[in-house]
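Participant: Dock chain one against chain two, each of which comes alone in its own frame, and use the hints as you go.
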Amino acid sequence: MSESVTFRFEVDGSDFTSAGQASVLVKKHLRQLGIDPEIIRRVSIAMYEGEINMVIHAGGGEAFVTVSEEDITILLSDKGPGIADIDKAMQEGYSTATDNVRSLGFGAGMGLPNMKRYTDSMDIKSEVGVGTDITMKVNLI
Amino acid sequence: MMTVAKLCEVANLCTIVCPEPEREIKGAYCGDLLSWVMGRAKSSDVWITIMSNINILAVASLADVACVLLSEGVKPDEELVKTAEQKGINILASDKTSFELAKLIGALI
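Chains A and B are the protein sequences, given in the same order. For the first sequence, this note's numbering begins at 81 and goes up steadily by one. For the second sequence, this note's numbering begins at 938 and goes up steadily by one.
Next comes chain B alone, as it looks inside the complex (with noise of 0.2 Å):
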């Protein structure tokens, strides 16, 4: 079973916050558009984006993702971070890009 936790570490990424790092990785949702997110991610993807404002936060909880998987370098500020500790979802950065990304998680579940 791929875990947060594992993904985080196998591929290398970078852990902004993680309140649940035993959640599963079933598949992964590249989007930036948050409803079109809401339509189409499934339940315990890694959700790979490029948005970082507080809503996608709400988007992540409902959607209920297993993870946010923030790419191409895009930095978090404070208060994401603070609020997504207290809600209990998962932050995730990388450097690279979201193709790279989604081609190395695909490999590896």
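Next comes chain A alone, as it looks inside the complex (with noise of 0.2 Å):
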């Protein structure tokens, strides 16, 4: 691989079952450039916590993963509240998420630590009442 690919998708923020797709179809993208199956694991699993962050706080936003030689690049963009704390957003545990949004599954407070757990590098930029750019790296080599 020479040159650099980028795939963008919607997603879409009325629609919980669906959320997901974007991941989904990156995780089969990156399966056809013939990535290593851990690190499509690990990427596609950072992206879909990020998904589900844009369905449940951000009324859905924007996602890019671009594919160098040396890494993904994943940036998720919204339009949404903001992150108020991002210190306490990071902590396992801390959610605000609503009760009928846990009675899912979700709203764990795992989100954001799952994306930095599974990526070499997590960046938020978030302004309240503007929205939240994130941008995590995994390296390819």
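I should point out that these hints are in silico values taken from the structure, not numbers from a laboratory. It cannot be assumed that every hint is accurate.
Simulated DEER-style distance windows between Cβ atoms [as the list claims (entries may be wrong)]:
(1) A/HIS109 / B/VAL1011: 29 to 37 Å
(2) A/GLU150 / B/ASP1032: 46 to 54 Å
(3) A/GLY114 / B/GLU957: 15 to 23 Å
(4) B/ASP1014 / A/ASN180: 14 to 22 Å
(5) B/MET938 / A/GLU83: 37 to 45 Å
Since the model is a prediction, treat every value here as computed from it, not as a measurement. Backbone N, C-alpha and C define an ideal beta-carbon position, used for all residues, glycine too.
Facilitator: The following block contains the structure:
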């Protein structure tokens, strides 16, 4: 692979049952590119967590996945309410999700920690009332 | 090698849908909080859970578990079964508790 490839996805914020479609597509694309299965697993789980966050909190958003020779970069961008306290949001078990979301098995406060766990770097830029951009990288070499 | 089909037979589990019967089983994970499962379950685990909403299929697929095992008599709805079949995800079920199932699987693998 000499050039980088970018996939763009729209995350539908209204439908909980379709959440995960972008991540499953990413998984398929990466498999076609011949990426190592454990890397694919890490990228697609990190992306699914981000996707779920966008559905729960932000009313949807956009996701970009770029594959280069060195790494895979996932950019998640939304125009949701923003994260008021990023340090708190990064704590395992901290969640602002509603009871309805929790009854589906989400809202365990593990989303952002999992995204960090499964990627080699993660950067959160968020402004309350404006939106959130999260960039994650998984190294390929 | 323990496979999904073999586990089903030996442990007397109910097959809900099994599009990948020869999938190898290497371990098991119990959990109902989806992010927790994605953070901790390993590839080729049996995922034992009482959760049966449609989102478990994305979790099972992304975490790459060998099968979902619905415990405590939980019954899946029609949509779940149909989608699991399309996506190639194995779903088993049992009336036993999650603990009893984990114990059983632990003794078999």
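Participant: If a hint holds in the structure, say so; if it doesn't, say that too.
Facilitator: Going down the list of hints, with the structure as the test:
1. A/HIS109 / B/VAL1011: 29 to 37 Å: holds, 33 Å
2. A/GLU150 / B/ASP1032: 46 to 54 Å: holds, 51 Å
3. A/GLY114 / B/GLU957: 15 to 23 Å: holds, 21 Å
4. B/ASP1014 / A/ASN180: 14 to 22 Å: Given about 18 Å between the Cβ atoms, the range holds.
5. B/MET938 / A/GLU83: 37 to 45 Å: holds, 41 Å
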